[in-house]
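If you want the building blocks of each chain, they are given just below.
Protein chains: 2
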Amino acid sequence: MKQSLCAAYARLAVKSGVNLSEQQTLLISADIDTVEFTRMVVEQAYEAGAREVLVTYIDSELERCQYRYQDEETLREVHDWQIDKQLDYLKKGACCMRIISPHPNALKDCDPKKMAIRARAVGEASKEVQEYTLASKAQWTIVAVPNPEWAAMVFPDQVPEKALESLWDAILKCVYVEEGIDPLITWQQRDELFQQRIAKLNSYAFQRLHFTNSLGTDLMVGLVNRHVWGGGSEVAQNNVRFNPNIPTEEVFTAPHKDRVEGRVVASRPLIYNGNVIRNFYFTFSHGKVCEFDAEEGREVLAEMLAMDEASTALGEVALVPYDSAISQSGCLFYTTLFDENASCHLALGSAYPACLEGGIAMSEEELKDKGINVSLIHVDFMFGTADMDVKGESAPGTWVPIFQNGNFVL
Amino acid sequence: MKQSLCAAYARLAVKSGVNLSEQQTLLISADIDTVEFTRMVVEQAYEAGAREVLVTYIDSELERCQYRYQDEETLREVHDWQIDKQLDYLKKGACCMRIISPHPNALKDCDPKKMAIRARAVGEASKEVQEYTLASKAQWTIVAVPNPEWAAMVFPDQVPEKALESLWDAILKCVYVEEGIDPLITWQQRDELFQQRIAKLNSYAFQRLHFTNSLGTDLMVGLVNRHVWGGGSEVAQNNVRFNPNIPTEEVFTAPHKDRVEGRVVASRPLIYNGNVIRNFYFTFSHGKVCEFDAEEGREVLAEMLAMDEASTALGEVALVPYDSAISQSGCLFYTTLFDENASCHLALGSAYPACLEGGIAMSEEELKDKGINVSLIHVDFMFGTADMDVKGESAPGTWVPIFQNGNFVL
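Protein sequences, first through last, are from chains W and E.
Heads up: the first sequence runs through residues 0 to 409, numbered per numbering that gives the first Met the number 0.
Heads up: the second sequence runs through residues 0 to 409, numbered per numbering that gives the first Met the number 0.
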């Protein structure tokens, strides 16, 4: 991949992603495959005036060893420094970036029970840290960089070198980084469209959304009262506008945790803890999954649903046009960051407090009272199709078409 | 390099290096170039019964950015978590390993003043952590893995791929890892020889050592009373025997910080903070450097000597036969771990408390009273040559030959 395009991508992550302020500290968690790109981001961040850039490299192979060899007691231990290395800086106004390079199958053979134990321990210990992203207290973003193994999954018919290049091309296309055009301007213009779409959805204040398609989905999703649609850029508590996801194509809000009924059939695989779950569905009653099955990865799915009492309820409903750039790439990326932006999706687990008016200032109990789900997990799965229809109930019995044949008609 | 030899090297680091105990935690700090080897070490450690293996990857490119962009105030900050991530575990009985892959020139263009500021801040904050290695409170070891840039420095006349292989070959030879022989047994046998040599040196209880050679060295090194020679394996406070350096060829003890006189001329370059210092000498009076010069890197040397008031005095004197494996390799490794084992050497800065009878239990003040140097730095430099003569004063006026023509004659 051309150095100049990579550098433009790194600059996009710093400027449109976290939108780093002068003298701000940037915390980066980077997968070990991204060293070269991470160094570019660090350079761009300092050039943009960063006070300090701290990088933690993550090696999924070591995580695999952890699940293979560590006993349950050790997996349950989260040390203070493991939290403080983020929390200390976030409290002082730092922003954070996650640079991923997925190995979708890395943890495939690991014991789902052990992974769940670790996920729960880390989830509980990181609650305060996660607020900074979930409630957008700090600017944060997530970007992805190819690796050969991932490229081989996305482009299985190509020789390794070509596949890697194809994945770079596909990613840069999805994030609107192209020769001769400043991606910061493209992102600015696209964000204006997002904000218009969001304003319209908010003005309707839908009580319920009804999803139907030929795959078997027939799902009624109640929304919380005074819900707020989000998407594109957000504004952190320091009033700095940032883009949490690169790429992004979705608008989303908070379902009511007790008011989801019917059946949803996934349209794309879900990668959870490095495991691929394929061809699965959920049936909801009173907001909770009451039945589910999967052709592949059922056990992992079961562990996920059993994480806590809120992990069977929804925390996000998101609308993505079927003609979005990522959808049109025709690629299955095996990675939520991309695949969720190719398709309408839902998330099991926690909702974003920002999706409720005044939600950021509310306690956990207040949020729950309003119907906002609070859980240790937040796992997206895709159910959008080319023939997805979505209607919104604007007043009792009055239904407004939102999607027809997979795209916005509102 | 053959996978089987690499795995044997990784096993050596775990078994002969830290000599990991069942259910012990291993802390690894690994340079970013060593990912593949580090994974092997992690695997070997878990196979040997590790409770937990924690890896921190270090990227020297990011360190370079830190010196280039951070202001002095930021460089002076060391956060609690940066200490706790080692100290918490060491206090609970963990052992630690450093896996290096040197880039001898990486920090060449960095501001020596900024590097000194950071080194001082980290040195002061890490005092308690460093005791675990300096005083052998925990088992610890350091091993090295090639990278292309380093290989090109050691073998400048070879094409990159060949140079990398040559460096692997050279390293494995120096650490006695070879096809068909268990290196653990080789290390065991060699260590028995070390312990005999140490016993003999200790029995003489020399008051001073006198070094002379044709390069211009004429140095009188007073030793502390009740000094102890070390070398080869050591025994940690948990009574586990371990090898702190892989490779190792030296026996060493503590000079008296106020009783060094004369001139020492370096016989090999010194790499300090990624800078190469060449053709340098020191003149000592009453134990302190009173004059010095270098053909290359004089400024870095000056910063190093100015670190604190003890950084101009000696903390180590080490004897290495000129016919040792590393010396015979004929390679200049540009890395202390190897080059110090090719040649007699001295270190400026802190001495090892273990080199004084009962020293490990003494306070800093007690150690200083006995003549043990205490400093923020410990920097080895080489001065051994093929014609080095060393004599030891066993009683006032009685001199015993220790080295003649670069090798032991004791």
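Treat the hints as calculated values from the structure; they're not laboratory data.
Beta carbons are placed, not taken as given, at the ideal position from N, Cα and C, and that holds for glycine.
Careful: at least some of the hints might be erroneous.
[Claimed, not checked] Chain W is faced by these chain E residues, among others (derived, beta-carbon under 10 Å):
| no. | residue |
| --- | --- |
| 1 | I31 |
| 2 | R38 |
| 3 | E46 |
| 4 | Y68 |
| 5 | D79 |
| 6 | K84 |
| 7 | G261 |
| 8 | R262 |
| 9 | V264 |
| 10 | Y321 |
Comparing the hints with the structure gives:
1. I31: holds, 6 Å
2. R38: With a minimum Cβ separation of about 5 Å from chain W (threshold 10 Å), the hint on R38 (chain E) holds.
3. E46: holds, 8 Å
4. Y68: This hint holds: Y68 (chain E) lies near chain W, its Cβ roughly 4 Å from the closest one there, short of 10 Å.
5. D79: Holds, because the Cβ-Cβ distance from D79 (chain E) to chain W comes to roughly 7 Å (cut-off 10 Å).
6. K84: holds, 5 Å
7. G261: violated, 45 Å
8. R262: violated, 43 Å
9. V264: violated, 39 Å
10. Y321: At 40 Å from the nearest chain W Cβ, Y321 (chain E) fails the 10 Å test, so the hint is violated.
Going down the numbered hints, you'll see the structure goes against 7, 8, 9, 10, while the others check out.
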